[in-house]
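Enquirer: If you read the sequences in order, they're chains A and B. Position 50 of the first sequence, counting from 1, maps to 50 under the numbering used here, and the rest follow consecutively. In short: position in the second sequence from 1, add 1000, done, that's the numbering used here.
Among the clues, some could well be false.
Stated by the list, open to error - Taking lysine to aspartate or glutamate and the EDC-like style, the derived pairs with C-alpha atoms no more than 20 Å apart in a straight line are:
no., chain 1, residue 1, chain 2, residue 2
1, A, 30, B, 1033
2, B, 1076, A, 13
3, A, 66, A, 76
4, A, 51, B, 1065
5, B, 1062, A, 42
Hints in this document: simulated from the structure, not taken from any laboratory. Since the structure is predicted, the reported quantities are computational estimates derived from the model, not experimental observations.
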Amino acid sequence: MKSEEFPDKKFAEKCWTHNLPQLLDLAGLKADFEASLKADPDLLDNWDAVKEWTEESRYARTTKAKAENLYEAITDKKHGVLSWLKLHW
Amino acid sequence: MQIKEGQTLIERLAHEEVAVTAAGWVKESESGDWYLYLATPLVGEDGPTRSAYRRVNAVIRKMQEEGFGMDPFEKKVIGPHDPIARDMLANRGGRPGGPPTPFRGSRLGDLDVEEAYIYPPLPNPEEQAGIELWECGRTELRPGIGPAGLCRVVVIDLENQAVLQKRTYRGTMANPQPLSPGQLEVTWAEGGAVRIIGSAAQQRWSWSQPRANWEEGGCPPDKVLHAILTAMG
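With the sequences and hints as input, model every part of the structure.
Expert: Structure (structure tokens):
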């Protein structure tokens, strides 16, 4: 899709979600991501921790250890989920 | 949802000494996605999950090298104290090691669920021995069929671990032969019972497959079980 185009309405509605596995699929990244998970076991461990996040869990009280666990899983420079996503921007 | 793969994974985790206190396939209402929820003490109370995933994923990777086909995306680990785990425990049924039972409710803990299938506990060693004994008889399981069911009987030599005689009957066995010393008579009944009678006194054991328990005599000694399993191939 070109940046100046209006997005397809149905597709845009599907993207109206916080569900991370679903967003990965909609972005057309699922196959690439699965290949990366097979090649990088640490990325899979991190993804598993990240995919537990929900828009509701952000309001829940949590432990420091659990919060750090999520933060590290996202931001780890070599195997973090954000590091992988940045390669596909 | 992969019922059989889920069962295989739970059994393998136990074999690899990863305790799973409750497990089930859950279709989350919000996403519509199925996940295999695994409750394990690897996740402490309110603790992080990454180390637990590391351990579980290591087992899955080993299994994948052997041809295991479950999508590694489709699992979530939770602690045994998680309300979802507690609800799975409270709602699980069925015989140990058997198929998962459907969950009739709409919530597990705080999670809205569309559907769920909760696995029964894994069998303990004595129950596992009974299940293997039943399976080695290769008899169709028809609980409740009673005396109309087919019975398969074999006489086994305990020392040589070999089948000496085999026959089938319905109702009552005609012309039962006395056992010689060192022989075992094993009967598989379609209703789900396995009876073992030895030539010596006190050598009577009975396993119920539908109830998954030893109903008479407790679990037989290893020598007896091993002889039967070997003889039946």
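Enquirer: Against each hint, give a clear statement of whether it holds in the structure.
Expert: Comparing the hints with the structure gives:
no.: 1; hint: 30(A) to 1033(B); result: 15 Å, holds
no.: 2; hint: 1076(B) to 13(A); result: 27 Å, violated
no.: 3; hint: 66(A) to 76(A); result: 15 Å, holds
no.: 4; hint: 51(A) to 1065(B); result: 25 Å, violated
no.: 5; hint: 1062(B) to 42(A); result: 15 Å, holds
When the structure is compared with the earlier hints, violations turn up for hints 2 and 4 and for no others.
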